[in-house]
Structure formats: C-alpha cells, structure tokens
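A.B. asks: Using UniProt numbering, you'd call the opening residue of the sequence shown number 1 and step up by one each time.
Be aware that a few hints might be false.
[Said to hold, decoys possible] Taking lysine to any residue and the SDA-like style, the derived pairs with C-alpha atoms no more than 20 Å apart in a straight line are:
| # | residue 1 | residue 2 |
| --- | --- | --- |
| 1 | K129 | K205 |
| 2 | K58 | L6 |
| 3 | K277 | E157 |
| 4 | K152 | K273 |
| 5 | K14 | R49 |
| 6 | K52 | T27 |
| 7 | K216 | F174 |
| 8 | K58 | Y111 |
| 9 | K58 | I70 |
| 10 | K205 | T189 |
| 11 | K216 | A232 |
| 12 | K178 | P259 |
| 13 | K14 | G43 |
| 14 | K290 | K129 |
| 15 | K246 | Y155 |
Bear in mind the hints are in silico, worked out from the structure with no lab data behind them. Bear in mind that the values here come from a model prediction, so they are computed numbers and not experimental data.
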Amino acid sequence: MEQLLLVFITVVEKENFTRAADELHMTQPAVSQHIQQLEQTIGTRLLDRSNKFVRLNKAGEIVYHHAKEILGIYTRMQCLVDDLMNHAIGNLSIGASYTYGEYILPHVIAYMNERYPLIKPTITIANTKEIEELVAGHQLDIGIIEGGITHKDLYFEAFAEDSMFIVVSANHRFINEKDLQFSRLMEETWIAREEGSGTREAIEKLFSEFQLRPEKIMEFGSTQIIKEAVEAGLGISLLSQWAVRKELALGTLQILQLPELPFLRQFSFITQKTPFKTKASEIFIEVLRKNKKISNIMNDITLP
Numbered sequence: 001m002e003q004l005l006l007v008f009i010t011v012v013e014k015e016n017f018t019r020a021a022d023e024l025h026m027t028q029p030a031v032s033q034h035i036q037q038l039e040q041t042i043g044t045r046l047l048d049r050s051n052k053f054v055r056l057n058k059a060g061e062i063v064y065h066h067a068k069e070i071l072g073i074y075t076r077m078q079c080l081v082d083d084l085m086n087h088a089i090g091n092l093s094i095g096a097s098y099t100y101g102e103y104i105l106p107h108v109i110a111y112m113n114e115r116y117p118l119i120k121p122t123i124t125i126a127n128t129k130e131i132e133e134l135v136a137g138h139q140l141d142i143g144i145i146e147g148g149i150t151h152k153d154l155y156f157e158a159f160a161e162d163s164m165f166i167v168v169s170a171n172h173r174f175i176n177e178k179d180l181q182f183s184r185l186m187e188e189t190w191i192a193r194e195e196g197s198g199t200r201e202a203i204e205k206l207f208s209e210f211q212l213r214p215e216k217i218m219e220f221g222s223t224q225i226i227k228e229a230v231e232a233g234l235g236i237s238l239l240s241q242w243a244v245r246k247e248l249a250l251g252t253l254q255i256l257q258l259p260e261l262p263f264l265r266q267f268s269f270i271t272q273k274t275p276f277k278t279k280a281s282e283i284f285i286e287v288l289r290k291n292k293k294i295s296n297i298m299n300d301i302t303l304p
C-alpha cells in the first residue's frame with residue numbers, strides 16, 4: 001500500500017504520468033498499473049485523465065489528503081525503529097514561520113550540521129497558520145512558530161524570546177522627535193504581514209494593548225518586501241530584531257525610541273502529542289531548549 005500511495009501522490013503533484021514515472025524511475029505502464037491497483041483497492045476512480053492533464057476528482061482529493069498523512073506517519077515509524085540503534089541519523093522535516101525560518105533557522109541548522117552531520121534536515125517556510133496545519137497533518141516532524149496555535153492536539157512549547165521594534169526609513173520625520181507618543185504613529189501607514197502570520201498577530205496585539213488602530217494598513221506577504229517598502233518611505237512596521245539587524249547596521253532602517261518598546265513575543269516549537277520521537281527530532285528540540293538565547297548560536301548583535 002505504501003508504494004501505491006507514493007505513486008499516486010507523485011502523479012497528482014506532477015500532473016502527468018510520464019513526469020511521475022521519470023521522478024520515480026519507473027516505466028509509464030508501471031505507474032498506470034499502480035494507479036489502477038489503488039483505484040481497485042479504494043473501489044472508485046481517483047483521477048480524471050485526458051491527453052493533456054491528470055486531475056483529482058472528489059474521491060481523489062480525499063485519498064490524496066490522507067495519503068500524505070499516512071506516508072508521513074509511516075516514515076516516522078520507520079525512523080523510530082531505526083533509532084533503536086541509537087544513531088543520530090536520518091531525515092528531519094522542519095517547518096518554520098518566516099522570521100525564524102529566514103533569519104535564525106539557517107544558523108541553527110549550521111550549528112546542528114557541525115555536531116550531527118548524519119541528520120539530514122529539510123526546511124519548509126510558511127506563515128504560522130500554515131506550519132501548524134502541516135504539523136497537524138503529519139507532514140512535518142516539528143514546526144517553529146511566532147504566534148499561538150489553534151490545534152489543541154499539538155504539543156506547544158515556548159523556547160526563546162524575541163524583541164520587536166517599530167522601524168522606519170533612515171530619514172523619517174519621527175527619528176529625532178523627543179517624547180514621541182505611540183498615538184502619533186496612528187497617522188502613519190503601517191505595513192504588515194498577511195492574516196495567519198505571527199508577525200501580523202504581534203502587530204494586532206500591539207494595537208489592542210493601546211486600544212488604537214491606524215487608518216491605513218498595507219499587507220505584504222514577505223518580510224523582505226516590507227523592509228524594502230519601509231526603506232523607500234512607504235510606511236512603518238513592527239519587525240523582529242533578527243529580521244532588521246543587517247539594515248540597522250547599514251543605517252538604511254532606524255528604530256523609533258518609545259518607552260513602550262520593545263514588544264516581546266515568544267518563539268515556540270510544535271510537534272505531535274506522542275511519546276515517540278525520532279532521535280533526530282529529540283536532538284533538534286534539545287538544541288532549541290539549550291540555546292534559549294539565540295545569540296548563543298548567532299553572532300552577538302548590539303541594537304540601539
């Protein structure tokens with residue numbers, strides 16, 4: 001059954017029998033035979049076929065969704081059995097929300113690679129909500145997020161604190177203003193991430209704490225684009241210290257000095273609620289827990 005599901009998933013994702021056969025190093029007739037066998041087992045057709053495309057029908061959508069979960073569980077089961085040999089070896093699928101994934105996780109992986117070179121991580125970067133869904137669907141071993149979770153059947157643990165600052169362009173009119181009040185910032189255009197992002201959640205919490213809300217909010221789906229927009233003078237934003245450290249060093253962004261800041265939030269990891277974890281997962285979690293101060297892994301950075 002495992003092989004049938006693997007072939008089915010590959011055909012769906014490649015949208016073509018020939019491309020799936022190339023990916024799996026199989027012949028096209030063999031791929032077709034596997035799909036027919038799976039459809040016979042399930043008891044219905046799963047794919048709509050034409051000369052140009054292969055698409056899921058309604059039954060196929062159900063099977064595809066659960067097949068991804070089943071293969072994820074099977075892979076972890078096999079890894080757990082292999083771990084009985086007590087070797088720190090094998091694949092580790094990590095998901096991370098954008099701030100941690102783009103600016104911190106590469107340093108953590110480099111740290112891991114020096115000490116455990118036989119662990120092979122694969123990285124998925126998405127917003128907090130999407131990472132939560134992937135962990136809940138057994139498609140990731142561990143997720144690192146910046147906000148809270150909605151799936152109560154997941155294990156959730158905060159492991160590091162993040163400081164967030166309001167950043168502006170290098171020549172912004174508020175840079176040298178003394179006794180600046182947060183209410184004045186409601187006059188500005190705020191540039192924020194999309195709904196479901198941990199950074200967007202932090203901005204919404206900040207507005208809620210002050211019971212204020214700006215008249216204009218612009219949404220972008222990338223922290224890098226937000227930084228570029230702020231540098232260009234399009235607006236202001238609340239961003240993690242780790243996301244803006246290079247721009248602060250270069251002087252292209254500035255931090256506004258307000259008594260209410262920095263805004264503090266937690267980086268947390270999420271996993272399935274299970275007593276069984278692969279050796280690779282256990283080691284990665286231990287690295288996160290022991291390095292609560294991110295500067296233990298990254299170079300020390302002095303912020304204004």
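A.B. asks: If a hint holds in the structure, say so; if it does not, say that too.
C.D. replies: Structure-based check of all given hints:
1. Distance hint between K129 and K205 is fulfilled; the C-alpha atoms sit about 17 Å from each other, no more than 20 Å.
2. Restraint check for K58 and L6: satisfied, since their Cα atoms lie roughly 19 Å apart, inside the 20 Å limit.
3. Pair hint K277 plus E157 holds up; C-alpha atoms about 15 Å apart against a cutoff of 20 Å.
4. Distance restraint check for K152 and K273: the Cα-Cα separation of roughly 10 Å lies within the 20 Å cut-off, and the hinted pair is therefore satisfied.
5. Simply put, K14 and R49 have alpha-carbon atoms about 13 Å apart, close enough for the 20 Å limit, and the pair holds.
6. Among the hinted pairs, K52 with T27 is consistent with the structure: their alpha-carbon atoms are about 19 Å apart, no more than 20 Å.
7. About 18 Å separates the Cα atoms of K216 and F174, which keeps this hinted pair within 20 Å; it holds.
8. This hinted pair does not check out: K58 and Y111 have alpha carbons roughly 45 Å apart, beyond 20 Å.
9. For a cut-off of 20 Å, the pair hint linking K58 to I70 stands: about 19 Å separates their Cα positions.
10. Taking the CA atoms of K205 and T189, the gap is about 17 Å. The hint holds against a cut of 20 Å.
11. Distance check on the hinted pair: K216 and A232 sit about 17 Å apart at the alpha-carbon level, within 20 Å; holds.
12. With a CA separation close to 11 Å, the supplied pair K178 and P259 stays within the 20 Å bound.
13. Under the criterion of a C-alpha separation no larger than 20 Å, the hint pairing K14 with G43 is inconsistent with the structure, at around 23 Å.
14. Note on K290 and K129: the hinted pairing is violated, with a Cα-Cα distance of about 26 Å set against a maximum of 20 Å.
15. Taken as a hint, the K246 and Y155 pair is broken in the structure, with Cα atoms around 34 Å apart against an allowance of 20 Å.
Checked against the numbered hints given earlier, this structure breaks hints 8, 13, 14 and 15; the rest are met.
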